[in-house]
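Given these sequences and hints, build the entire structure.
Number of protein chains: 2
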Amino acid sequence: MSRLTIDRHRLMQDIHHTAQWGEGERWGQNPTEVGMARLALSDADKLVRDWFIETTEALGCRVHFDAMGNIFAIRPGKREGPPTAMGSHLDTQPAGGRYDGILGVLAGVAVLRAVHEAGLETEYPLCVVDWTNEEGARFPQCMMASAVWAGVTSIDTAHAVASVDDGEVTVGSELARIGYRGDTAAHHTATPLAAHFELHIEQGPILEAAGQRIGAVQGVQAMRWFTITVTGRDSHTGATNFENRADAMLAAAKMIVRSHQVATQFQGLASTGLLTVHPGSTNTVPGVVTFSLDLRADADPKMDAMEAALRADFAAIAAGTETFTDSCTCGRGCAVSWQTTARAPVARFDDDCLRCIEEGAEDLFGAAQAAALTRRMYSGAGHDSVHTSTRVPTAMIFVPCRDGVTHNPTEYTAPEDCGNGAQVLLNAVLRFDAARKA
Amino acid sequence: MSRLTIDRHRLMQDIHHTAQWGEGERWGQNPTEVGMARLALSDADKLVRDWFIETTEALGCRVHFDAMGNIFAIRPGKREGPPTAMGSHLDTQPAGGRYDGILGVLAGVAVLRAVHEAGLETEYPLCVVDWTNEEGARFPQCMMASAVWAGVTSIDTAHAVASVDDGEVTVGSELARIGYRGDTAAHHTATPLAAHFELHIEQGPILEAAGQRIGAVQGVQAMRWFTITVTGRDSHTGATNFENRADAMLAAAKMIVRSHQVATQFQGLASTGLLTVHPGSTNTVPGVVTFSLDLRADADPKMDAMEAALRADFAAIAAGTETFTDSCTCGRGCAVSWQTTARAPVARFDDDCLRCIEEGAEDLFGAAQAAALTRRMYSGAGHDSVHTSTRVPTAMIFVPCRDGVTHNPTEYTAPEDCGNGAQVLLNAVLRFDAARKA
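In order, the protein sequences belong to chains A and B. Numbering (the UniProt record's numbering) for the first sequence: 1 to 438. Numbering (the UniProt record's numbering) for the second sequence: 1 to 438.
In short, the hints are calculated from the structure, not lab data. Quick caveat, the model's predicted, so the values are computed rather than measured. Backbone N, C-alpha and C fix where the C-beta goes; we use that ideal spot for every residue, glycine too. Please note that the accuracy of each hint is not assured.
Claimed, not checked - Covered by chain A, according to a simulated footprint, are these stretches of chain B (three or more residues, beta-carbon under 8 Å):
1. 227–238
2. 286–297
What the hints assert, rightly or not - Partial pick of chain B residues on the chain A-facing surface, computed with a CB cut under 7 Å:
3. Ile-178
4. Leu-250
5. Asn-408
What the hints assert, rightly or not - Restraint-style ranges between C-beta atoms, simulated for each label pair:
6. B/Glu-168 / A/Asn-241: 35 to 43 Å
7. B/Ala-316 / A/Glu-23: 35 to 43 Å
8. B/Glu-243 / A/Arg-311: 51 to 59 Å
9. B/Asp-300 / A/Asn-241: 14 to 22 Å
10. B/Ala-316 / A/His-9: 31 to 39 Å
11. A/Ala-315 / B/Thr-321: 25 to 33 Å
12. B/Asp-7 / A/Ala-316: 49 to 57 Å
13. B/Gly-320 / A/Pro-345: 28 to 36 Å
14. A/Ala-315 / B/Glu-243: 26 to 34 Å
15. B/Leu-47 / A/Pro-345: 52 to 60 Å
16. B/Lys-437 / A/Asn-241: 25 to 33 Å
17. A/Arg-311 / B/Ala-316: 27 to 35 Å
18. B/Ala-316 / A/Asp-403: 33 to 41 Å
19. A/His-16 / B/Arg-177: 38 to 46 Å
Here's what the structure looks like:
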């Protein structure tokens with residue numbers, strides 16, 4: 001087993017250097033205390049992609065991108081065959097941080113650099129993947145392009161998804177505009193991988209609270225995304241009494257409250273992050289309200305039951321027959337419709353990959369320390385690894401993030417944790433590669 | 001008493017002719033079954049203003065506009081003195097109809113036409129007013145320019161109000177852009193009026209249900225508009241449990257539901273027609289939600305009590321200490337702030353003006369029929385007459401509107417009712433003018 005070392009200083013330089021493309025909100029005095037706003041397939045996304053290709057080519061990679069703009073930087077090994085991959089994403093939320101996704105890709109670059117500078121020839125090729133539109137912020141379908149690669153979403157469906165702020169702008173048109181709509185099919189048969197390792201910040205408080213440094217992630221909770229449309233009737237706010245209204249905003253507000261009540265009962269999660277009101281005037285009771293509903297649960301049957309309960313309750317709220325909300329009528333009632341925009345079952349990751357990660361942590365910390373500093377855990381957030389895990393052995397590495405805060409400009413992971421994560425990624429990938437030889 | 005007659009056909013022609021400026025959503029097969037989208041100070045608003053000036057000048061009026069763009073078309077009488085005015089507005093909601101406001105101004109034009117074509121010289125001048133931004137849709141302060149005229153709102157405050165979709169665009173900049181920022185002060189001392197009569201569609205179901213044709217409106221319920229801002233913290237929808245969230249959207253949804261519960265208890269009204277979510281992503285628990293709150297009540301003390309109750313309840317919801325909503329936490333809690341954007345107390349209209357309207361209805365229907373076809377009533381909606389009534393004798397005339405529907409493209413008032421309203425307006429104004437002679 002070669003013992004290579006990550007250039008931790010260079011990794012942090014890459015994180016802060018590439019932040020120039022899509023710089024977001026400043027939150028502190030330090031030059032690095034700036035959030036990110038690098039929406040998928042924006043001009044800023046194109047620029048960081050160009051940098052990624054140039055950098056990995058200089059590290060001896062052959063680079064190609066597929067019809068979804070997923071970029072695969074492949075460094076040849078002794079033999080031909082599907083590469084052992086390290087993947088995550090370079091896009092961010094509209095008010096996001098510097099680490100979510102970005103750390104996973106740039107740590108992959110740091111692994112390539114360590115291997116390249118040592119002149120190491122791996123058994124099989126290594127690969128770093130930048131997956132397109134993991135966030136689903138600008139184009140509201142998260143983990144989009146890994147879902148296409150895994151065969152869960154069709155390429156046509158993905159290309160047709162429109163931007164949240166301009167219905168004329170689609171994933172397909174923006175891929176073409178920035179020059180990242182490739183000729184290779186976006187499919188696991190066209191770019192096969194042997195495994196997928198993803199380093200990511202935890203986005204939760206568990207590691208920090210426990211004083212631990214590495215999470216070996218064994219799975220991800222189930223998620224479903226919906227767009228809910230409530231249709232009532234526009235009317236005058238002063239002249240229309242409650243009985244004569246069909247108030248889409250009131251019905252939507254009741255549904256949002258109800259989704260939290262039901263999710264609490266099921267020990268799942270419900271969230272609404274997007275909401276639009278039509279026609280949009282203080283003086284008009286809204287005729288149409290559209291909102292996003294993001295559901296999470298740690299078991300698929302629980303998710304099924306939670307969705308079924310909410311469908312029944314939303315229908316009752318729209319019809320005005322609900323009894324959850326005292327003394328407050330939706331008047332003549334509204335119509336409600338559901339559109340599913342993303343769904344992923346509970347993911348269970350691969351035991352061999354998890355062992356490579358845990359042994360990689362032992363390589364870093366020593367066996368005794370590693371037991372104290374490492375834990376197996378589940379992820380609350382979805383990741384591209386959810387989709388790769390349906391096709392190839394997959395596991396994830398978590399590092400702590402301050403106060404569990406993410407999707408926020410103040411998101412922060414200490415340089416030491418970034419470096420630890422990258423080192424464990426390197427160790428795990430080399431262990432997986434060595435095992436393939438046998 | 002001169003007996004003049006409205007040219008009803010010409011009135012309907014004017015309604016449909018001027019609808020070309022700001023045509024909205026089509027809702028039927030008939031060429032006139034199209035709604036309106038003539039937002040205040042838009043290009044369409046400029047075009048209909050130009051038409052209004054050209055048309056009233058041709059009917060012998062001197063026309064000027066003030067610093068708020070209120071247009072006064074004044075037809076001289078036998079003596080100098082403040083004119084007897086007929087006013088309403090030509091702006092509409094973003095998805096509005098052809099009658100709300102428009103009927104009142106164009107009926108005023110029809111009155112001028114009847115007087116002009118008869119060669120009648122009134123005792124004092126007559127005037128038709130087009131009040132700027134009554135709707136408060138694009139610039140969210142309703143009855144804005146009549147409030148400035150009455151001295152309720154300062155000109156600087158009104159000029160500074162920004163558009164709901166572009167913070168750089170203000171009332172002042174748009175008045176200048178379309179050429180309607182006049183040199184005359186926007187104040188009742190600069191353009192004094194002797195009285196204000198306003199014909200308007202009812203925007204409610206009462207006249208239609210009672211089979212009556214004319215409402216003599218003796219007052220308007222109180223209204224207050226607020227912009228509520230709820231501030232929590234952006235976080236990841238999948239990785240952040242309910243306890244660790246500060247979910248501005250959930251808190252806002254609870255407040256909207258609560259506003260309806262409290263308004264129901266007070267027999268008032270509460271409505272939310274605008275709501276924006278920041279940062280706006282399915283995957284991010286929103287950190288900031290801003291929404292409009294429109295309150296109405298038929299007595300000022302009731303309004304005070306309702307507002308006080310809601311301020312206490314919203315604070316409790318934000319803090320997470322409320323008990324209205326079972327088993328659903330706002331986690332770490334949010335901050336809530338209130339900004340008042342418009343307020344009007346209960347308005348009581350003038351008895352002399354009301355008598356002129358009721359006698360005007362007798363002129364039209366005959367005394368026996370008029371008793372059955374006319375009623376005194378209150379208005380649920382606010383109107384420019386609320387503000388004029390604080391300075392000069394004021395009353396309103398209502399005509400039925402189908403199914404009480406307004407602020408909606410399908411808003412409809414039958415030609416017969418439009419004509420009846422204009423005829424009663426003519427009769428009432430001539431009666432008021434004649435009484436001034438005495």
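Hint check:
no.: 1; hint: 227–238; in the structure: holds (count 6)
no.: 2; hint: 286–297; in the structure: holds (count 5)
no.: 3; hint: Ile-178; in the structure: violated, 20 Å
no.: 4; hint: Leu-250; in the structure: holds, 6 Å
no.: 5; hint: Asn-408; in the structure: holds, 4 Å
no.: 6; hint: B/Glu-168 / A/Asn-241: 35 to 43 Å; in the structure: holds, 38 Å
no.: 7; hint: B/Ala-316 / A/Glu-23: 35 to 43 Å; in the structure: holds, 39 Å
no.: 8; hint: B/Glu-243 / A/Arg-311: 51 to 59 Å; in the structure: violated, 27 Å
no.: 9; hint: B/Asp-300 / A/Asn-241: 14 to 22 Å; in the structure: holds, 20 Å
no.: 10; hint: B/Ala-316 / A/His-9: 31 to 39 Å; in the structure: violated, 51 Å
no.: 11; hint: A/Ala-315 / B/Thr-321: 25 to 33 Å; in the structure: holds, 32 Å
no.: 12; hint: B/Asp-7 / A/Ala-316: 49 to 57 Å; in the structure: holds, 53 Å
no.: 13; hint: B/Gly-320 / A/Pro-345: 28 to 36 Å; in the structure: holds, 33 Å
no.: 14; hint: A/Ala-315 / B/Glu-243: 26 to 34 Å; in the structure: holds, 30 Å
no.: 15; hint: B/Leu-47 / A/Pro-345: 52 to 60 Å; in the structure: holds, 57 Å
no.: 16; hint: B/Lys-437 / A/Asn-241: 25 to 33 Å; in the structure: violated, 43 Å
no.: 17; hint: A/Arg-311 / B/Ala-316: 27 to 35 Å; in the structure: holds, 31 Å
no.: 18; hint: B/Ala-316 / A/Asp-403: 33 to 41 Å; in the structure: violated, 26 Å
no.: 19; hint: A/His-16 / B/Arg-177: 38 to 46 Å; in the structure: holds, 44 Å
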